[in-house]
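Asks: Following the hints, position chains B and C against chain A.
Residue numbers (numbering that gives the first Met the number 0), protein chains in the order written: chain A, 0 to 288; chain B, 0 to 146; chain C, 0 to 645.
These are computed hints drawn from the structure, not numbers from a lab.
Hints are supplied without guarantee of correctness; some may be wrong.
[Claimed, not checked] Here are the simulated DSS-like cross-link-like pairs (lysine-lysine), alpha carbons at most 25 Å apart as the crow flies: (1) C:K166 with C:K84; (2) B:K135 with C:K573; (3) C:K573 with B:K140; (4) C:K166 with B:K135.
Everything numeric in this text was worked out from a predicted model, so none of it was measured.
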Amino acid sequence: MSFIATLIGTVAFAIVAPILGCLLAGLDRIISARMQGRVGPPLLQPYYDVRKLLAKDNVSVSGVDGVYMTAALVFTAFAGGIFFSGGNLLMSAFVITMAGLFFIMAAYSSRSPYAELGAGRETVQVMAYEPMVLLMAVCFYMAAGTFNAGGVFSLNAPVILYTIPAFVGFLFILTIKLRKSPFDLSTSHHAHQELVRGTTTEMSGKTLAKVEVMHWCETVLFLGWTGMFFVWAGPVSLILGIIVALAAWFFEIWIDNNFARVKWQAMLRSAWAVALVCGGINIIVLMFM
Amino acid sequence: MGYASKSPWVIHYDASSCNGCDIEVLAALCPGFDVERFGIINTGNPKHADIFLVTGSVNERNISVVKQIYDQMVEPKVVVACGICACTGGIFHDCYNVIGGVDKAIPVDVYAPGCAVRPEAIIDAVVQAIGILEEKSKALKESKKGA
Amino acid sequence: MQLIGFLILFPLVVAALLLLVRGDGLRNAIVWISAVVIAAGSIMLAVQYLGAAWTGFVFSSQAIDLVACAIGVAISAVVIGFGVKYKNYLAVGLAIVQLVGDLIFEFGFAHGTHVEVGLYIDPLSVVMALIIGIIGSGICVYALGYMVDFQKHLDEHGEGLTDLQRKDRRPTFFSLMFLFLSAMFVIVFSNNMIWMFTGWEITTVCSFLLIAYTRTDEAVRNAFRQIIMNMLGGIAFLAALYFAVLNAGTLSFQDFILFGLGSPWLVAVPVCLLAFAGLTKAAQMPFHTWLLGAMVAPTPTSALLHSSTMVKAGVFLLIKLAPLFAVCMVPAQMVILVGGLTFMLCSFMAISQTNAKRVLAYSTIANLGLITACAGVATPEAIWAAILLVIFHAAAKSLLFLCVGTAEHHIGSRDIEDMDLLFERMPKLARLMMIGIMCMFIAPFGMLIAKWATLVSFVDSRQMALVLLLAFGSAATFMFWGKWLGKLAGIAGSPENVELDVHPSEWISIALMAALALIACLALPIMSKMLVEPYITSVFMQLGSDISVDNLWITSILAAFVFVVMFAGNRDSKAKRADVYLAGVSVDSDGRVYRNSLSGETTATSRNLYLDSIFGEGIVRRPGEILCAAIIIVAIIASGFVPPVL
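Excised from the complex, chain A in its bound form (with noise of 0.2 Å):
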């Protein structure tokens, strides 16, 4: 039953995720511009430009950097649609973790100095922040009884009574998830940095339009998994959550717009002391309650 459930929402998820993120990555520009005093571009510029790659010629490095976009793009689908079906939580966090790999994997195919410093960097990214993603499963876990996303639903009170540490923890590597400054180490959405593009240098036309399609999906996922904290019984609840899940991506632009880039030894260092700090509390807490 649930195996079915997954599929739907996997390829329900294929469909929505795009749009809504595609909006929201509009919005995030105008966010942006608005913040340095600008008017930014129209709300489906991020639509636009993805149209236009796609229009673009076809060439390639490797040959195999589209091929393995395209799987990053598949697993991401599933790794939403697993956690929208309310699907097991650990299980889309370890899929989306794959589509990352077959992201560094296209990096590296290139032999680009540049792609294969950023993906070095996004492997260490990957490192960051996968023990608060770990940790913050675990804690959900045990506030809600399941790892089970839908479980929120049969719940008497949102997990973040329980889990606020933790939350906080998500927060912090949300921020690397997102690329955002001032962890957007190995790519960034702006141009011009010291690593040329980073991961995506070699990367063009419909290739990069997979990977701005894929963020936009990761976007909405993990903005889905902070709303999630948010939920319980009662539908009206699900407007809380995505209240709340709007306000941190408000507020990881904020923070994008904030502060500068820092090295990989800092983003790594914060990022494992969050998550002791933030993760091993809560659990701690949680074991005794």
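Replies: Below, chains B and C alone, put in the same frame as chain A:
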């Protein structure tokens, strides 16, 4: 209008000269003018760019660089020569090592003269370039269908 | 019963035969045939006893006990002989202690203790038999081709070596490999703990001889490191036997466990000692260095030690002891903490390694740490995870070792940085290696499912320290596998294909390992039901409520998808080829050469991040060893007087 014209990503390269035009180009791209309103993004990567803004004349040293950047851009692509040096070699045209305008190295689509090139001229040229980009994009689509 | 006897004795006969065979052709034939026979035998055994609960076989003989004792004496003699020859008196001392202990035990102490049910079979030994029989003999077949190249290399490049080091010792090598298999079968089928101990010691001394194969100074030094550490474990095992006779009055493993469940306070010390023996054999910190040192041996040896035998004997013992860990707190905590710490710290240290075999070694130790910790947690879920980890690790790791061995012979290096462009130079091998790597650490492959179950069982049993160790350790595994995978994925130009002259025997065994990894991943739900769950129910009388079958099926579908991506023409042939962007004028894009500002040529080089300043061996190793050693010492002392269950 197609999507190519709604999302023109540019890359700029200063071949040589006094840097005046280069400063003008960058000034036009800076946040104050907010070219992102038109979807224009200044990418640092030829593989992502659609419009190539070149300033300065081409000489023996940089001709291969200009060619390389152009070659690495993905079709459809257009080239805008910004400033008189990029158009013809300008004041440096008879220097011992100067070859001439950018069109000595790569095909140029739009010429924006001036010393230094005015912002109005840059914007004008880019708008024209967007039109050409659109045409090239359609042509590419046709050729793909044909093939 | 006959089949068990056959599986134990047949490799012995083959080993003796191989010792006499000098010709390549005859040896190939013997190894091939006997590998197939052993594999077939273990499959038949599995079919026959699939899902059966613990079945004992009444089989005892004074003669066998005496033979076991004689083997023990012979083993000690071998170690003493080598110890005197190479002036390693610590090894000699330990061997003498063991010899004396052995003799007193056999003729004075336990002479009257008789075990009726000498052999047994249960679902766990079926799993182990399949691993030993299929993967172990597959490695033997692989060694045929590998050792030809190995010897050729010695003959051609052996100028600096002595005659002894250059000597063709392949008959002994293959003989030892099969002896190893036989000893492993003894370990997994013996209910008589003396026999089990004999098998245990045979594996120790076999791996000693295999590690020292090349007789170089380094090989000999590492071999002695191995034997000293494992003899410590062996002596602990022997001491545990004394306590078993003294406290429980039995040498039957099954009776010992049942007795322990009833009176845990009497078995705390022997369990602790047995767990210590398991930890040494499973190369847990601070004993992990012997497994790293074992890397000097020819690659088939490493594969055999790491994936299907030797270290698996260690975790096998720990998993068997799990019911007792559930009632004895001190040894359980020791095993949990040492395993968890080893998992995290060795994953950290793997990041800083460039040598592919060392990365594999560290990841082996780390995974064994996880299995060890699971055994210590001893809930049904944890044991489910531990057995799955054993299976997946055996298949994926042997695949990786064989790939690295073949790559080493064809690119002349085992450095990961030199594996650049392997995707083009050895297209099939690189893809198989990538699959092996993915199997080791990432969803949707079985290894990760097992880790997931581990996480769940740690949370459920409120082992919070372990949850943290696991979270940070698995993040590190992503890093070191991910960057290796990336190195393999690089594509540029069309370098010469160098895999055309790989021996067919190597291909066949690599393909076998890949097929096993594939089957294990795709048929995960079935395997869980048929092979693993029977053991859980037979030991715990219940199944852990764990990962739902739906999730397992989702993962196997995703795994199939990855296999398709990797193998079904993942190259977009329509795409135009472009040069890499080098921020300047490229001279040679494939070689990443560009013209610099002085019109000279510069090659862009990039290395992966090894984060030596954070995760270097120099930083991580010492504290880890001290911590783990302290835990073990405290636990062994404490097991004597701390009540088993607080």
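Asks: Hints first: check each against the structure and report whether it holds.
Replies: Structure-based check of all given hints:
The straight-line distance between the Cα atoms of K166 (chain C) and K84 (chain C) is roughly 18 Å, inside the 25 Å bound, and the hint therefore holds. With a CA separation close to 20 Å, the supplied pair K135 (chain B) and K573 (chain C) stays within the 25 Å bound. About 15 Å separates the Cα atoms of K573 (chain C) and K140 (chain B), which keeps this hinted pair within 25 Å; it holds. Note on K166 (chain C) and K135 (chain B): the hinted pairing is violated, with a Cα-Cα distance of about 71 Å set against a maximum of 25 Å.
The structure does not agree with numbered hint 4 stated previously, though it agrees with all others.
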